[in-house]
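Visitor: Sequence:
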Amino acid sequence: MKSSNFAVVLLAIFLSSSVLSAQSNPAAVSSPNGQLQFSFSVLNDGPQKGQLVYDVAFRGKPVLVHSPLGMDIQDQQPLGTNVEIVSSTSPSKVDETYTIPAGKSNPVRNLYNTISVELREPGDFSRHFSVEARAYDDGVAFRYLIPDLDGSHSVHIVNERTQFQFSKEATTYPLILRNYQTSWEDSYHTLPVSSIHPEWLVALPLLAEVPGVAWVGITEADIENYSGMYLQSQEGDRNQGTLKARLTPRLDVPGVSVIGQTPLHSPWRVIMVADNPGRLIESNLVINLNPPCAI
1 MKSSNFAVVL LAIFLSSSVL SAQSNPAAVS SPNGQLQFSF SVLNDGPQKG
51 QLVYDVAFRG KPVLVHSPLG MDIQDQQPLG TNVEIVSSTS PSKVDETYTI
101 PAGKSNPVRN LYNTISVELR EPGDFSRHFS VEARAYDDGV AFRYLIPDLD
151 GSHSVHIVNE RTQFQFSKEA TTYPLILRNY QTSWEDSYHT LPVSSIHPEW
201 LVALPLLAEV PGVAWVGITE ADIENYSGMY LQSQEGDRNQ GTLKARLTPR
251 LDVPGVSVIG QTPLHSPWRV IMVADNPGRL IESNLVINLN PPCAI
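In this note's numbering, the protein residues as written are 1 to 295.
It is possible that some hints are incorrect.
Straight-line alpha carbon distances no greater than 27 Å define the calculated DSSO-like cross-link-like pairs of lysine-lysine that follow [to be verified]:
{"#": "1", "residue 1": "K49", "residue 2": "K168"}
{"#": "2", "residue 1": "K49", "residue 2": "K61"}
{"#": "3", "residue 1": "K61", "residue 2": "K168"}
I should point out that these hints are in silico values taken from the structure, not numbers from a laboratory.
Please construct the entire structure, taking both the sequences and the accompanying hints into account.
Guide: Right under this line is the structure:
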């Protein structure tokens, strides 16, 4: 066995055994250089039994740990809180190069490994959905794929249940907004993640440093017919290291953020990871996740 493959196996074992409440067979994908590991699992005991979560590790150290995933669908039970992993595809590799009129580099290389995880709620007539994930050398990304859930061929999303739970107290550099209509012209702050007030809205991208582990940039890509995402501190969070997604609410339909036709895919939830902040500036991860120019 090659040393790089051996390291990947060891890291997968670490992620699956780091918390006893995670299921024993997570679906995982690693970056092409083997330094990033991205895995999905379902908690099998405790108050969140059945909850879909994900983990991100960099060079063998946890960055984000057991962060919940899911969606609040109008007039339905939350999606993702009581599921089982039905199947996952074997990791496949994509390596392509394209040119752009202007940018940080030209040509741009789009190199990643990808998996798709199929999930289902227990029961004979349960709902199902899937999560698509990509692992690049400079970060990871995932998105939800929502089928027709009730025969209407449409879905009303109230909010996402996506969370980002840091492995330890992180230093963040947030742009704090008063509400969804606040101008994005303000000073950035330097705060421990535990000091972000639950009533604040945090704009994307968010920069954070997990000490001794990595620099992290949280953002999104490929936003089309979907609300923009903000972050909020998780109120009552005992670990004081969790941020949750908040989708911009629609003005025309109170209590709803997204109205879409199924099958529907969400924007990519992007987690850029590097050993220093300059590497995040050099990254082409967001442009790689966006669709090609339609012109």
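Visitor: So, for every hint listed, does it hold in this structure?
Guide: Right, here's what the structure says about each hint:
no., hint, verdict
1, K49 / K168, "holds (23 Å)"
2, K49 / K61, "holds (25 Å)"
3, K61 / K168, "holds (11 Å)"
Violation of the numbered hints given earlier is absent; every hint is satisfied by the structure.
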